[in-house]
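We have chain A already, so just place chains B and C on it with the hints.
Protein chains in written order, with this note's numbering: chain A, 1 to 496; chain B, 1001 to 1226; chain C, 2001 to 2314.
Calculated directly from the structure, the hints in this document are not laboratory data. Take the hints with a grain of salt, since some may be wrong.
Said to hold, decoys possible - Covered stretches of chain A, as calculated for chain B (at least 3 residues, CB under 8 Å):
id, segment
1, 202 to 213
2, 270 to 284
As the list claims (entries may be wrong) - Computed beta-carbon distance windows for the label pairs:
id, chain 1, residue 1, chain 2, residue 2, range
3, A, Arg149, B, His1063, 37 to 47 Å
4, B, His1063, C, Gly2167, 48 to 58 Å
5, B, Arg1089, A, Arg149, 10 to 20 Å
6, B, Leu1099, C, His2202, 29 to 39 Å
7, B, Pro1008, A, Pro423, 37 to 47 Å
What the hints assert, rightly or not - Only part of the chain A face toward chain B is listed, based on derived beta-carbon distances under 7 Å:
id, residue
8, Val154
9, Glu155
10, Ala169
11, Val176
12, Trp196
Each residue gets a CB set at the ideal place from its N, CA and C atoms; glycine is no exception.
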Amino acid sequence: MNALNLTLVLPAAGAVALGVVGDRPFAALVNVAVSAATLVASVALALGVLETGPATSPGRLLYIDAFNVYLVLLTAFVGLTTAIFSRPYMAHERERGRVGPRTMRLYHSMYQGFLFTMLLALTSNNLGVLWVALEAATLATVLLVSLYRTPEAVEAAWKYFILCGVGIAQALFGTVLLYFAQERLVGIAPSSALLWQEMYAAAGYLDPTVLVLAFAFLLIGYGTKVGLVPLHNWLPDAHSEGPTPMSAVLSGLLLNVALYAVVRVKMIVDGSLAAHSDQYNPQLAGHLLMGFGLLSFSVASLFLHRQHDVKRLFSYSSIEHMGLMTFAFGVGGPLATFGALLHMTVHSLTKSAIFVTVGHAAQIAGTQTMDHIRGLIRTQPSVGWGLLIATAAIAGFPPFGVFTSEFLLLTATMQSWPWLTVPLLIGLGVAFAGLFRHLQPMVYGEPTENMTAVRVNMTPVAVHLALVLWLGLAIPAFLAGWFDTATRLITGSGLL
Amino acid sequence: MQSLDFLPLYDQGILVLAALVLFTSFALLGQTRMFGLITVFAWQGGLLAATTALVAYSTGQRHLYVSAALTLGLKALFIPWMLKRFVIRLGIRHEVEVLGRHALVLIAGAALVVFSYYVALPIVRLSTLVTRNAIAVSLAIVLLSMLLMITRRQALSQVVGFMAIENGLFFAAVVSTFGMPMVVELGIAFDVLVAAVLFGVFFFQLRDTIDSLDVDRLSRLTENVD
Amino acid sequence: MIGWLLALLQTLLFIASAPLLAGWIKRLKCGLENRAAPPVWQPYRDLARLFGKNVVVADTTSWLFRLAPYVIFGAAVLAASVVPLVATHLPTSAIADVIVLVAFFALARFFQALAALDAGTAFGGMGASREMTIASLAEPAMLLVVFTFAVTANTTNLSTAVDHTLGGGFVLRPSFIFIALALLMVAVAETGRIPVDNPATHLELTMIHEAMVLEYSGRHLALIEWANQTKLMIYGVLFVDLFIPWGIAYEISAANVAIGAAAVAAKLAFLGLVLAISETVMAKLRLFRVPGYLGFAFMLGFLGMLSHVILEVG
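Next comes chain A alone, as it looks inside the complex (with noise of 0.2 Å):
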């Protein structure tokens, strides 16, 4: 069984056993144990990919390429650091009486089942594969989201299921468009014509108003999962609402791999806009994302200074810079590309970190209320620390990595858009603005009585901190290596 479906596999199994025996006392090492050989199997993979370039499964089903290969590295990575997280951490919510047995063996199997569904939908090389895995992802989630039972999570967890069921129902619906215009191509046997790696190939003969209304779809519907505004509304409660592990993985993990299924769908409509560019503006896709992701920037910007919870505040920051990504992601171009393949796995680190960080914090002050939460640094050092230097990071600081992949994009912006360079830098100084205005109190600030000491292990944030930092100053060869290849799929050519 080689890597690529050991990759999958490992998780699928894991959600199984846990399945079983998740309530035990032994299930949360069970559970990193299972994150941790994934992450070796995609290490494996990884090296692999280096060796030997992209690889596809034997059914032509499952798809590597520079492009996933690090996210797949990624996704393994952070499931493995917030599992070790969460066993402390629901440790704890256990001995406070939030979660009782039955909801401990649903919480672990869903977590690897949530990870199977994201694994595969990178992986994925059918484009109706990746839409099943992206739906199945909410449904692994949901219950989650819902886990402590009070009516705020229920709540929540209602607003995520519906919202984002019907978003997804659009994905299909532009799936089936994408499958209608590919089968009309002569010589394409129906059973390969959801392909991705097919579709990429014939882009240049699909035709081109089929292909827009296609993506108006998909990206409404991908979209709503990537949390572009106005269809958003789910997510932050649903960040908030739910276990800490929890809101890591999704802003950190789901996100991604929602934003990723768009750009795989915007390089054929590329491909096939450029082939027509006598019908229609070859850069219409582009355009199309540059305008979701300037208003997701904007708008969460200015609503992160109306939070009162912590795990708000932070949801937003991630509207905020998956906005910005997308925006990137829009402008095209190699060296905006970079920035935001760059972008996604930093975020990615820093976003998951910061959580850990509040979950903890949140623990200490008993509440998820930023009013309450009080001299952080006074109370539990290590944790008021994390939360600065994390919320450094998110915010922009050089020299993380989140700095490098700002500029990239501001560079890009000034040389495609000028213009458009103006909003940015102001959104980037309102969010920078709200996300200190409320950190500050939390971390500096006289201690309330609620403020009691907790065991925690902040080694996960230090580690993802850690890579930020290096990959803010010296981005490692493999990686600038695929960021690269990714880079020149996408767009055309290559940075470096």
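Chains B and C in isolation, oriented as in the chain A frame:
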């Protein structure tokens, strides 16, 4: 470009069944009782299965028989049975949902049908399949089901609307491309089944937390919390 | 010459057999309700009885009251002459336009309502206002049915439309299914049958049509009753002509005309059965729900139109 007169009888039958499926979408908009909603939804699933089987017979695509059987079993029999059981266990069998502005909703539905006709026009012009005229109908079914979800307050009505959207999408796949590859169809059917089961779990969670299934009461998480 | 004679004979046959249809429906309803039924020709005996009676006219009425029954019956006869019963290519087929038919019915209804108001009683006014409300809601639905049909057949002339349907073979059209159902619903509303109005009711506050004729007696009442029965038969024959015209005489010959008469008799008998069953099974709607019923008929007509544009045009 062919008008109906020149099509063989089976293809005319397919278009007639497509029109009847559209009619069930309108009927869903007008239903106030829970059991009535579920029954009309079951009929929609049954008509869809019949249409698929007729397309399979008329065009010789064998795998569509399997899709038709899957739709019949899942959408026309199992899911309506499950929903009816939920209605009985939740005790909402005799609840009547008050439909405000009934005529306005129906007019909006008619407008959505016209809109979907215009959106689907370029696709219909490109297609060479005998069922291509029904592509607009499938998009209309999707949009009408979304209208159903928007105008209802009961959680179960919204779930029926959600399932009806999936019906419309399945129909779109059948009439525009004679069905998607089997692996995708099975995956979608599995997703729908799991979604229905999860919705059932949610009904009970909703009722336990807010003591009703009126979704308008879910309003604690807004941006206006001060 | 033969054509005109045949047209005259067809009209006479039409109005002569209208009471027979009413008697057949009554007999079926009684059978379904497990009651002893009057003989099928009872309506003839009722009409004969009424014609022999004295006319009692209220002092408060005007010339309109005495004129109205003749106008109503005249409109019904003209409408009967327009609709093809057994043969299509008759000289009267030139005016056999569906919209002309609708206009004849509107004329009759106009005079009926005015006559009801003329007597100055409360029930007359109530019946007239209810009838006008129902008519104003049923007309758009009827016209949608007519338009959808006309778009398919490329004409509103009934005779040409029948030829078109006969020439095209058996075609299954989704739009026709919808507008057939809409036409049945509109016909029920226009002729005052259950579930819109109960023709056998004696409770004045539930009456719509009966309330308008409360003041009439003698030959006036006979003419109005006969006109009503003719109207019911006209709607039945209209449905048959539009949707199931097979058997009607295309060329005029004795054999064809006989076959045509037999065919239409069988179809009308079947439609009578359908009406009797629906009247037995359904209950009368409360008045404020009739707009919903007619709105549903309108929606069906509109769906038929949409089905035609979306599904049937290439």
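- Item | Those earlier numbered hints the structure runs against, lowest number first | 2, 4, 7, 12
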